[in-house]
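*Asks:* Here are the chains, one letter per residue:
Protein chains: 2
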Amino acid sequence: MPLMDDNPFDSSDSARHAKPLRHVQTATFDHALTLELGGELPGVTVAYETYGQLNAARDNAVLVCHAISGDSHVAQHTADDDPGWWDVAVGPGKPIDTDHLFVICPNLLGGCRGTTGPGSTNPATGEPYGRDFPTITIGDMVEAERRLLDHLGVERLRAVIGGSVGGHQALAWATRWPERVRRVIALATSPRLTNQALAFDVVGRNAIRRDPHYHDGQYYGEQHGPEVGLAIARMIGHITYLSREAMTRKFDANRLQPRDEAVEFEKTFSVGSYLGHQGRKFVERFDANSYIALSTAMDLFDLGSTPSELAAAFRGARSRWLVISFSSDWLFPPDQSRDIVNALVANHAPVSYCNVQSDCGHDAFLLPNDIASYGELIRAFLDDDIASPPEGSAIGRKAEDGFSPTSIFHQRRIDFERIVELIPADASVLDLGCGRGGLLARLKQRDHHRLIGVELDEQAVIACVRRGLDVIQADLNKGLRGFGNQQFDCVVLSQTLQAVRDVPGVINEILRVGHIGIVSFPNLAFRPLRHILAKDGRAPRGYGRIREQWYDTPDVRFLSITDFEEFCHEKSVRIHRRIGLNTEDGTEVFKDPNLDADLAIFVISSS
Amino acid sequence: MPLMDDNPFDSSDSARHAKPLRHVQTATFDHALTLELGGELPGVTVAYETYGQLNAARDNAVLVCHAISGDSHVAQHTADDDPGWWDVAVGPGKPIDTDHLFVICPNLLGGCRGTTGPGSTNPATGEPYGRDFPTITIGDMVEAERRLLDHLGVERLRAVIGGSVGGHQALAWATRWPERVRRVIALATSPRLTNQALAFDVVGRNAIRRDPHYHDGQYYGEQHGPEVGLAIARMIGHITYLSREAMTRKFDANRLQPRDEAVEFEKTFSVGSYLGHQGRKFVERFDANSYIALSTAMDLFDLGSTPSELAAAFRGARSRWLVISFSSDWLFPPDQSRDIVNALVANHAPVSYCNVQSDCGHDAFLLPNDIASYGELIRAFLDDDIASPPEGSAIGRKAEDGFSPTSIFHQRRIDFERIVELIPADASVLDLGCGRGGLLARLKQRDHHRLIGVELDEQAVIACVRRGLDVIQADLNKGLRGFGNQQFDCVVLSQTLQAVRDVPGVINEILRVGHIGIVSFPNLAFRPLRHILAKDGRAPRGYGRIREQWYDTPDVRFLSITDFEEFCHEKSVRIHRRIGLNTEDGTEVFKDPNLDADLAIFVISSS
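Chains R and L are the protein sequences, given in the same order. Each number in the numbering used here corresponds to the 1-based position in the first sequence with 1 added. Each number in the numbering used here corresponds to the 1-based position in the second sequence with 1 added.
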């Protein structure tokens, strides 16, 4: 049964004041959409907007999935157009660059901005669906979007991108249609909601459904809908989208100076008048039944709770992944993004992850505040033409980590050269404390089927993504629980051991995750360092790889080659190779390395 | 106008199903209570319960102030009594030990459990106050409680204790009636609410007031009150009382197995049925107007936002303080307790602070999970007879920190003896990294008018409070911002420098806060340590005060006496004294201490 609906707003009685979207297009599909939880929709209309041009190869299309209260208007089409909800990220020259990419943003199934939803006409009755709108899922939304892509002639996406419940759609896309998605960018999302987030949604829906004007969902012909309930739900939601810090910054100085909003909500406190305003605005543009349908779909989304369930959920995924969380997001907390990353790692999927330091809460992914970080990650990740900078270039040198200013002009990294030699050309490699990717970039010039870095510093993580490397932001002191037993041929810890507090823990993890470990560290017993302590009575420094003052070095562990050998003996760690280097001379030290080498490289394994 | 009301529940029509409190007593005061924000109550009835006996000296009374949904029934009176809301903390042998203490717990003003509130009869109309109940404040609650204490013949409290809004009352007591409060225990509270917490309250009140059954507050005679609105408010509140971790633990394994509660709220998810149940239970026992009155009083409570405003608010305080927060409490986050502590420190008030590690959220202070920590702190703090254990006792020795197992049998701490000698007997002393209080306990035997410790470890903090010492839990690496410039005669950093990452920062803070600093640290250049590196080629250890292996020492900074002298020179720090000790021999080293001392003590100041 065909559904044609040129004006997508006729059918949404509740959202009667919503501003029309000038550039929206609609596509109507008249074959029934069978729903995951049973039942069907006899047909479905999808409202969408597009930006940029699909190229001749049809390989530059990017699908942007919006969050619960968004719509198809992701960005301005022209300078005089209404603002889009993600103008910071989408447009000419922006991170999602519409000069090069063809961006598609559909209103999601169950919404109230043009795509079929509870406010749409039920062809069986000629009335809005209301309570008869079936329970839909994220998978059903993806099915509607898939029809749209077919309609637009896009077989394979350059990327699917979404934050929050938009991220749920991106995850569903990549696990259901892996061959159609080259890349996934999932922001501020999760494999399923926390029970805390779920609880807030439940209370919001209770407020709507128990509003006397809800009329069991059939309020479309009435003078009033459940406006109070919907406003209450929106107020709750709004609090959860902000961080406590952001609310303090916004309201604390003038907490008792509310704006005089024309709303019948409490206006004693500034934050109260703000919430009243947000509630009122939302009621004008959004349909309560859509809010129930979409939040329920979000709440039912569930890729699993245990690591093994999650790993199974991502088993078929074929895409390259960028997962981004925000440190102050307590609705979709960073740990949940880590769960996604761990499941991808378990499936050997290429993935980068960054937990952007931000105090903007869940909303951070929509705001300009942190665009320098997350925008740059998106831009770099979408670029098909990323290449490592030439090794000799200033960028290449700057990207090297671990060497002090006095040695930055060294043309060679003898330690990297030796480490590269130690790694078989086809080995899978995990580089812990990879910095800006100096070693990984060298390895990438060879034939490794799997290279991945772990790094704590945000800027270094961004630098790696810029180089086209896969990198996961993590703190080595907190373990490598995301990595499976013996998952890599080789785990490298290059000049990082001395900055790690829990040395036995990290060595254990290296040997659990890798068949072999390659560990390099500065040698405290290097001859001139011994002299400093013995003769001058000062903490060893200023020679070899130990240069900083005792009070401002990033290092917290100081050891010699002999110390490490004893440690390995004590912990039953097998030593395969021991290499001493004099990095100042660029030579290998064969005789008494504990005295004459400033840097040691060990190849180890569990015995 | 006298108000006599023997059955405190007659007047509260809405909370009609509330279980009667069998042991409640009431006191009615018939002189008008003038309210802080204007208006008055013509008289006030206070419902309360007492536990234990007021002693002859009348100095063992403890006032317990309940939180928003509590009542006077803080604990069981007998084994067959209904459970109290704080049975874990109050009773015979419990932390608030009713074998020795006389505990008074009143229902707070504005409540609905016997004390005058919006559901009480307005003598002017003979009807419940309803919307005519005036806006009350925490100060008004304290005034009602003060009348009760006068009535009971309690001039001075051993302590006032409260958590959450009960903590607000405790703060108000100590700042309004300082001479009547010997001690304050403030749990999980704040100088004022965060805007995030405020926002949740506002939404809850909006849900109540916009419930059609609210009838502008005059619902008492109606068949229905604003039950849905109150339930929504309670659901929101409940989420904020729990931590995300606690909700995950409680609901995650069976998230889609709701209990079949007989409530008309969403029951799709386990957490939803739980919230529905909580909402329904609350409506049965609580009055919506009381919820509005009490939450508004809490929201209006405001001791100031800036450190100087807060310091001014506590200027007149005369009590000894124990402030306790809980690490996962996001409604009254630990930072707010730190703000209270900082304001007290600025006023030279004796204060201890502990941020109890807990995953129970704001509710932690009511639950048994962490009672071993917060209960022990309360018990020790309330004890009038705390004495330091004898120095030679096993407890005394165990309480010493910083010395390794091989030296635990030393009868003397020569470093403490020398540090004590360096401190004038009347000096005010701040001991950073005070451990279990070994040095402070020694100093306490002298005449210091002000001694306070800072320590990170929770068990060490509890040990200090057990010894009757004032101690503040804090991380030295995060600075001493709570302490004022030159606030102490002497700041001690005893064998802690080597465990601090930001050495320049901590030294800066010592010199800002203290007239002089006394810093002791292990000497890396101690002769046998030099030999270890020079001859054996191993990281120095196993002699003097540097004993642990390189990979599992808590130390992260390694320095010699000469290093520290150079550091002071470089940073323009003035050295007044330099003492070298051989702690193995128990002697002072006068000749070449950088070679022969294993421990150094420096007396420094800013130049």
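Bear in mind the hints are in silico, worked out from the structure with no lab data behind them. A hint or two may mislead.
Because identical chains cannot be distinguished in the list, a pair is counted as satisfied if it fits within a single copy or across any two copies.
Unchecked claim - Straight-line C-alpha distance at most 16 Å; calculated EDC-like pairs for lysine to aspartate or glutamate: (1) LYS536 with ASP593; (2) LYS20 with GLU510; (3) LYS572 with ASP553; (4) LYS479 with ASP336; (5) LYS445 with ASP336; (6) LYS572 with ASP385; (7) LYS20 with ASP597; (8) LYS20 with GLU285.
*Asks:* Next, verify each hint and record whether it holds.
*Replies:* So, going through the hints one by one against the coordinates:
1. LYS536 with ASP593: between (21 Å within a copy, 13 Å between copies)
2. LYS20 with GLU510: Classified as neither: same-chain Cα gap 55 Å, cross-chain 57 Å, threshold 16 Å.
3. LYS572 with ASP553: The answer is between: 13 Å across copies meets 16 Å, while 31 Å in one copy does not.
4. LYS479 with ASP336: within (13 Å within a copy, 24 Å between copies)
5. LYS445 with ASP336: Close neither inside one copy (29 Å) nor across copies (46 Å); limit 16 Å.
6. LYS572 with ASP385: neither (45 Å within a copy, 51 Å between copies)
7. LYS20 with ASP597: Answer is neither; intra-copy 75 Å and inter-copy 82 Å both fail.
8. LYS20 with GLU285: For LYS20 and GLU285, the Cα distance is within 16 Å only inside one copy (9 Å; across copies 44 Å).
Checked against the numbered hints given earlier, the structure breaks hints 2, 5, 6 and 7 and satisfies all the rest.
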